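Chemist: Below are the chains, spelled out letter by letter.
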Amino acid sequence: MQQYILRRSILNLLAIFFVVTLIFLLLRIDTSFVVTQRVAQSQASTPEQEAAARQQVRADLGLDKNLMAQYRTYLWNVAQGDLGESFQAKEKVISEIKDRIGPSLELGLLEITVALLIAVPIGVISAIRQDTAIDYVLRFVAIALLGIPVFVLAVFVLRSTAIYLQYTPPLTEYRDLVPFPPFATDRGVGVWNNLQIMFMPGVIGGLGIGAIIMRFLRSQMLEVMRQDYVRTAWAKGLRERVVILRHALKNALIPVMTVVGLLLGVMLSGNVVLETIFNIPGIGLWVVNAIGEYDYPIIQGVVLVVAVGLMFINLLVDITYAWLDPRIRYG
Amino acid sequence: MQTGEPQAQAGALATPADWTLPKRPSVAANIWKFIRRKPLGAFGMLIVLTMIAMTVGAPKADFGTPKLPNRPLGFELGKPFMARFEANDVFRGGERNALVGSIDRFLEPSAKHWLGTDRGGHDTYSVMVYAARRSLFIGLWALTFATIVGCTIGVLSAYFRGWSDTLVQRFMDSLQAFPALLLLIMIISLFEPNLTIMAVALGFVGVTSVQRIVRGVVLSTREEPYVEAARVIGARDLRIMGFHILPNIMAPVIVVFSIGLGSVILAEAALAFIVPERVPSDPSWGIMLAVTRQYVPPFPPFLPFTLFEGSPEGYHTLAAGGAIVLAVLGFNLAGDALRDVLDPRLRVG
Chain A
1 MQQYILRRSI LNLLAIFFVV TLIFLLLRID TSFVVTQRVA QSQASTPEQE AAARQQVRAD
61 LGLDKNLMAQ YRTYLWNVAQ GDLGESFQAK EKVISEIKDR IGPSLELGLL EITVALLIAV
121 PIGVISAIRQ DTAIDYVLRF VAIALLGIPV FVLAVFVLRS TAIYLQYTPP LTEYRDLVPF
181 PPFATDRGVG VWNNLQIMFM PGVIGGLGIG AIIMRFLRSQ MLEVMRQDYV RTAWAKGLRE
241 RVVILRHALK NALIPVMTVV GLLLGVMLSG NVVLETIFNI PGIGLWVVNA IGEYDYPIIQ
301 GVVLVVAVGL MFINLLVDIT YAWLDPRIRY G
Chain B
1001 MQTGEPQAQA GALATPADWT LPKRPSVAAN IWKFIRRKPL GAFGMLIVLT MIAMTVGAPK
1061 ADFGTPKLPN RPLGFELGKP FMARFEANDV FRGGERNALV GSIDRFLEPS AKHWLGTDRG
1121 GHDTYSVMVY AARRSLFIGL WALTFATIVG CTIGVLSAYF RGWSDTLVQR FMDSLQAFPA
1181 LLLLIMIISL FEPNLTIMAV ALGFVGVTSV QRIVRGVVLS TREEPYVEAA RVIGARDLRI
1241 MGFHILPNIM APVIVVFSIG LGSVILAEAA LAFIVPERVP SDPSWGIMLA VTRQYVPPFP
1301 PFLPFTLFEG SPEGYHTLAA GGAIVLAVLG FNLAGDALRD VLDPRLRVG
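Respectively, the protein sequence lines represent chains A and B. Everything in the first sequence is counted per our numbering, starting at 1 for the first residue and increasing by one. Everything in the second sequence is counted per our numbering, starting at 1001 for the first residue and increasing by one.
Think of the hints as simulated: they come from the structure by calculation, not from any bench. Quick caveat, the model's predicted, so the values are computed rather than measured. Mixed in with the good hints there might be a few duds.
[Stated by the list, open to error] Here chain A is said to cover these stretches of chain B; the calculated rule only asks that three of the stretch's residues, wherever they fall, bring their Cβ under 8 Å from a Cβ of chain A: (1) 1164-1175; (2) 1267-1279; (3) 1326-1337.
Using N, Cα and C, we set each Cβ at its ideal position, and we do this for glycine too.
The following block holds chain A by itself, in its conformation from the complex (with noise of 0.2 Å):
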């Protein structure tokens, strides 16, 4: 097991690796934007003045030399867990980072509770019922939520509290929504109006993601509902209720985990729509405007905390899987 979890986490670092590359030569392939916009700030005149300042923006952002030598100091200053400064807020990415990974992971988890609610009722209802009348309106209403796009949905909901309700979520101050770590500081919103702003966001990702994962819970229980160790409790005469519950139901959601832990995984580069929409100082929406500013700094940090933050939760789902199922076995 220890090896396994070695082996694992060197072949992580090797696809941590692929990942920072890319990034990079994705970054390099046009940088003539960021140049132009800070030789435009320069109040260059003439075209010597401004061939003068280019040249000094090229230095200043260390891209006049070759790419190979970019790409070492890059790496190094990564391996130093140095992410650079923003072009725009001139601040460290990484304490920025920090700055608004609460709320996106708060948005994440709500998510996927809301969807965890939805999802195992009526997955598990859908399967037992396999064939009927209910199951065949469950999976409809399943597969529709996974067709609502989020956007339509949100704007929806919005205008209808607004004007029926006369009822809109609060706005809040930039990154005083969810201090990272948690209770870290005494300057947030309180949990009232966080709830506020968090709720209705929150319910709408999760009918979504729920969808997602009552369609694999489902496929799961009907799998199971037909091992030889259900049949037997059937045979012992246990209640049906004990049965479902106890024998199918939890080892039907073992293989769920793993869609939770992918899903966990996605939430950390926080959902760009929910964010856009509601307002909300996340990962997502600084990074959406990062990529139309060419803030390359913020994106080479952000796809690099997410790979991370993906590869290390799959990691630990692949453990905690094995763990949980003891035929399971890594070599």
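Once you've looked at the hints, dock chain B against the given chain A.
Modeler: Chain B alone, transformed into the frame defined by chain A:
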């Protein structure tokens, strides 16, 4: 499908004179059976067919390089038969807000404009029909790209295994670690707005999942007796992969294709909604939603006959949102049903 078998066995026990082959069910009978067994799947198929019908237009003899959205196959497609106006009448030269100030703006639905007109004077129903062409062909191009690349990588990786497999899979892991939507925005930001680039980018994002599924299937297929038999008679690797493995993994590939189309359509709409200025301005469901975002009607509309009184653009949103929901629903339902029909292991009853 198997209904003929018991009869055939009974016939085998009787005298040879009674031997009759079971009658092959007609196509109509098969379709009817599919509808009865998989009502949801049939509903999905109906949506898919409607969407295809929306894109069909009179072909014009204008051959050239394939280009999205109106020349996806190398010849120009004219006005979709289902649209009610020529492109120039609908879009006034193709620009989104070309005719602000036109007297045709903000019309309520009528016999002429089935879903009213928007702030640009565009006929909402026709915009929706034109947009179907873009969505469907982007989806087809993206999925074709993803399937070809994904199958190649998946088959090669699983067939040869070993260290090259490990390396390729780690590389795929790292691609999957990129947040998909961010990667898409980043790729399309690097180029001028261009539908072909968008289709390839969407396909690129899909490659990882296609290849993972293909690889999984090939890992078990390559141990099948018929592959071994092929190897015994001296078939080369390429022949085994192309003629023995590939045809046998088509079922999961078709299912992935169908369900993938739904998610690509959704992703395309999301992209157009989040960064409308960076995607081409051809009619698109996502752009329709982005443009009229602040005019979305409250939901639920309580009285159907004054559905969106005072804001006919509500129909714009309803048309685009409804179209996206139905399209994704259709491809998912059809894919689910196809999975059940094509995969013999899952066939029930």
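Chemist: Hint compliance check: list the failing hint numbers for this structure, sorted ascending.
Modeler: Failing hints: none at all.
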